[in-house]
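The listed protein sequences derive, respectively, from chains S and V. Each step along the first sequence adds one to the number in my numbering, with nothing skipped, and position 110 is 110. Each step along the second sequence adds one to the number in my numbering, with nothing skipped, and position 467 is 467.
Mixed in with the good hints, there may be bad ones.
Because identical chains cannot be distinguished in the list, a pair is counted as satisfied if it fits within a single copy or across any two copies.
Claimed, not checked - Dumping the calculated DSBU-like pairs for lysine-lysine here, alpha-carbon to alpha-carbon at most 35 Å:
1) 539 - 272
2) 294 - 34
3) 290 - 557
4) 128 - 348
5) 128 - 62
6) 538 - 272
7) 361 - 290
8) 272 - 239
Don't read these hints as lab results, they were simulated from the structure.
Below are the chains, spelled out letter by letter.
Number of protein chains: 2
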Amino acid sequence: MTLETTLAALASCKIEPKGSLSHEPITTDPSAWKSALQAAPSSAASVPSEYKLTKTLVFKPKTAKSAAPTPLILIASEETDTKATNAISKQTGLKELRIASDDLIKEFFGVDKTSLSALSLNAELLPKVVVVVDDALATSDNVFAVRAASNEATVFMTGKDIYGYLSSLQTDASNDQAKVLHTFDFANAAEAAASSTPIAKAAAPTKKTEARIEDAHQLAIGVKKEVDFSTWYTNVLLKSDMIDYYSVSGCYILKPWSYTIWQEIQHWFDDKIKELGVENSYFPMFISGKVLEKEKDHIEGFAPEVAWVTRAGSSELEEPIAIRPTSETVMYPYYAKWIQSHRDFPLKLNQWNSVVRWEFKTPQPFLRTREFLWQEGHTAFLTKAEADAEVREILELYRQVYTDLLAVPVVPGIKSEKEKFAGGLYTTTVEGFIPTTGRGIQAATSHCLGQNFSKMFDISVEDPNAANKGDKLFAWQNSWGLSTRAIGVMVMVHGDNQGLVLPPRVASVQVVIVPCGINETTQESVYDACSEVAKTLKKAGVRVKADLRDTYLPGWKFNYWEQKGVPIRLEIGPKDIQKKQAVAVRRDNGVKTTLSVDDVATQIPALLETIQNEMYTRAKETFDQRLIQVTKWEDVVPTLDNKCVVVMPWCEVEACEDDIKERSKSTEQTDERAPSAGAKSLAIPFDQSKWEPIVPGKTKCPACGMDAKRWTMFGRSY
Amino acid sequence: MTLETTLAALASCKIEPKGSLSHEPITTDPSAWKSALQAAPSSAASVPSEYKLTKTLVFKPKTAKSAAPTPLILIASEETDTKATNAISKQTGLKELRIASDDLIKEFFGVDKTSLSALSLNAELLPKVVVVVDDALATSDNVFAVRAASNEATVFMTGKDIYGYLSSLQTDASNDQAKVLHTFDFANAAEAAASSTPIAKAAAPTKKTEARIEDAHQLAIGVKKEVDFSTWYTNVLLKSDMIDYYSVSGCYILKPWSYTIWQEIQHWFDDKIKELGVENSYFPMFISGKVLEKEKDHIEGFAPEVAWVTRAGSSELEEPIAIRPTSETVMYPYYAKWIQSHRDFPLKLNQWNSVVRWEFKTPQPFLRTREFLWQEGHTAFLTKAEADAEVREILELYRQVYTDLLAVPVVPGIKSEKEKFAGGLYTTTVEGFIPTTGRGIQAATSHCLGQNFSKMFDISVEDPNAANKGDKLFAWQNSWGLSTRAIGVMVMVHGDNQGLVLPPRVASVQVVIVPCGINETTQESVYDACSEVAKTLKKAGVRVKADLRDTYLPGWKFNYWEQKGVPIRLEIGPKDIQKKQAVAVRRDNGVKTTLSVDDVATQIPALLETIQNEMYTRAKETFDQRLIQVTKWEDVVPTLDNKCVVVMPWCEVEACEDDIKERSKSTEQTDERAPSAGAKSLAIPFDQSKWEPIVPGKTKCPACGMDAKRWTMFGRSY
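Here chain S stands alone, though its shape is the one from the complex (with noise of 0.2 Å):
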């Protein structure tokens, strides 16, 4: 490949290199390079001043006889330390890596292991290999030497561009994009293979150790949450067994770590909507196109995600079947049978169940998913007054889930128009905020769907009023849907560096109790009080695992217990147990307390309450402080690229919103996952009375300079 193809390649990317150069052929010798790029002219404006060499090493992993091989390719800063291929192996589930053989590369990449470099990598090659990068590398503006996929010419990048170029080779058509691409943090496992030598033992096996080391690589989330924020959250949820990837793109396989919360938050939502009146049912999965298509709204709105069966077995179907995108069309003609008669109403029911988007947009998990678990309730009404009222109480749960339970602050209001259900009377909304990408995010939504879906079915009744005899009246519907994106808005809001940080109400391990500083004379009593103080604890309603694994140090335990987000560590070690206490560490703060264990059963279920409580008014407090009150159209950007929700009077007009989402698109990117687009009307809030009342016919929307209506929020938005 020449210098001019490559650097064409580079340009269609929209990235400029600091500089280029041919010259004479080089080994993949570091000082030959270095001594080749310092044999060119001083003069040359193309070789920058300070600049760092790369290297490109080719694994192969362990693969069944059969398989064709996937190569592991690293790309790494020369100065880095990159001998940690155990811990490359467990974050990307490729076993027994080996430097693959000059033969491999030559077949794989077409070039010698001499020109091989990021650069020699483009879309089609990508979703064949795993990439790993140095993270030391990829979030660095430094200037790197990259070979320009030729051992005759070499480029010159800043760290970002080199995975930028990455980036930008992976297609929606690849497998899983953070499957084949990852980052990885060698000076972190490093870090953390140096601090978790093994108990001192004289002949200690050293399986054991290199499994504790092996283990212990695996604990570092990698990237900070404020400076790539998207690989950040999947980390979390990665290394907190949250999930894990699946091989169809944009599913995703929920571990218990996760499932536990959705329980948490079915078990509760499930309780309170049959105390009112709410019954649970199942209807298929599938629909037939034509009663899809019944409804012409709704389903313009969901037709470019429809998956569809077309076979079973080795039969053609006659008739394509869809997978319900959600199940208005699914159970109304039957809403339609059932009630016949006045007294048929209030219909109510909800299911549990999974439904199917099938997004081309770049999935994430839980916010972004083709399959997703949720509930949807579907309730019919013989008046609107009825509906109206049904549509506020749940979200009204909604907002219980997200502020009680997930202490995540949420914003109760209604959507505009344009932002309402496909085919809906009016969208209500609980309105959520992740405020280290300053967007807004959808969290739950009660739909009034008025008569539109009753008349279509015909879901109608005999007006029971005898002096309207004969009248036919329409039902009044709503649909209402939480879905687990809840789980991932909660990692979002509280995670940090350390991985997760649950709330208590739903962390299906509240405590871990971790022995600290024993011998092999302490052991066995320290283990006693830690088993003591578990069944204490358990006994008080407390969700508790006492960690007596003996092949891991307390270190390890803590960055593991940590990482998975456990709100409180209790550490027990002998001397605790001569003064009859334990120390109890929080999680979300770092907090640590001394209490006396015979005051556990009170103190921890208290301290679990006072955490759920903090994290929620920590959050709020971010929310309102983000929550910008703004009158002049020229605080809009601003305030939107500060990362912040602004809230305006506006006019409520839909042109309006179309307009203020093209003048507020900025240039920044911050995360390739929720491009910097146009704010959006996010809610118009029901509370109205935190700001200036708006008076008809003189307070102005900054936008149009219409009449204001509302305030309403506007943000960029997930």
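Position chain V against the provided structure of chain S, taking the given hints into account.
Quick look at chain V alone, frame taken from chain S:
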């Protein structure tokens, strides 16, 4: 159509008419028809000595203007009063039935209405109409005169044969069969209408009365359990509000009345497996074709039933994606990734989800459906002993679900090699029994997969034993599942001709309180007393409902709740209030007991317990009586034909099992949905102590004469 064509059509369905006759053209007037038939020479062997006339009516239901009408064709004995069209409306879901115009009949059936009859229908027409057959005809051995799809010829057939002919027209391609072909008990409908006259009120509103009568029609189960079991079964499910049919064939709607039972099972079982250390998770419903096909034996078992998604929105997928028929191949690649060391054992995950098996056999709610709900547990252990132990622990829980929750007796045992799970090592089962058909039914299975999948997916660790350093150990795996089939088995075992009979432990309403014998002056005090008792019972932990609807009479309510299977009805009237008493009526055996109101909080829970136990005991006695010990081959088929299950000493040779199946086929055809196929081995019971010890080398297999190994249950089965 000529008489010859009609007779040929009948012959091809293997129906032999009792006679046939050509005659002068007739009108729809029955007396004209009778005359024409009597005009035949009395010597004509082709006219039976006794016969009844039939009538054929066509109705046009109300449909949206745009939709093509679906005519309802009613085939009845001429004698039957067929005025109960409201009730037919209810059963078929077709609204506002009006007699169809002559033009519509001509257009639709291609014949004049004077020629129309059951014999005008053919396989092509059938799916386009809804057919309702008079029960008095469908179940009768009497001979009826049927117009031979012509007004110039008549065929004589038994009522059963007429129904048989219509059944034979059903094809798999048509919609849900039970949807297009109904039977209807006009006698019962008339009776129900007569018995449900409204509370005498001088100027009673006629609308209320109508509604009552209309609803009352719905109450009849229509057919007897012992006469037409499969119709009885679906009618019970429909009329108790457990399910409804759905527009995608083979899928059913689980309404709250059945879904609640599933939730009861879920809660109980979920708690139990959590005690065993099993954790819940959720894996995607999609599998890539490549992964699915990895385990050959396994996929061979499922491939013909796999549903494939090939399109999303308007894009064809690059590779078709399967919907899970079960999750072994979904989960195990990740087990391989997650299990890296012996310390990662045991891995015990469960999921509550739905799976899809696109069967082409006749569907039956709960028993054979294209999508069904279940739980699937997947566990991995280091040793076979641990796996073996868990297989049995789980099977024991399944046994308890059936015996303790559903009051259904089952026999725990092991499956023969032929009947075990595809790709597994061995399968354990709890086998149930449906007395009405004499068939066995696999109630739930717990499989030991051995190391087959772990070798396929490389779920392995290094041997922790230092002496074997470097050796690779493959996981020992289990998988186990319990589905909503359990609900179907419960209905089949306990239901009676009044409808459902629910075991108290899973009934969402355990006690219904019905106010009785009230008039305007006593109504308030009786309603108050009912509410008071309901409150008391609720406090005592009883799931109770006071049915205080004043639009229905007590008799109607009795029927209504009996049909829904509520275990206890409490009747409270003015006299009962005076005596501080209530009358408890058991659903399972009709026994009435008078209780002191002061004691309901203790006596009702005790009575529920008694009902639960007695329901189990009765069902157990039946199963025991019908599980017949057989040691001679000549007794096998008569025992099976006698609706019993055989238990015999068996050689456990697969060829012998094939042979038994072949030799035990019966010509009797009792249930179209479970054809009288040959017997297969149901289970080798774990408890062999009930039967004479097998003497090695002496006890012989009655089927082949080889040495018997263990007592084995053989039966026809679902």
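Quiz item: What are the numbers of the hints that this structure violates, sorted from low to high?
Solution: Checked against the structure, the hints that fail are numbers 2, 3, while the rest are satisfied.
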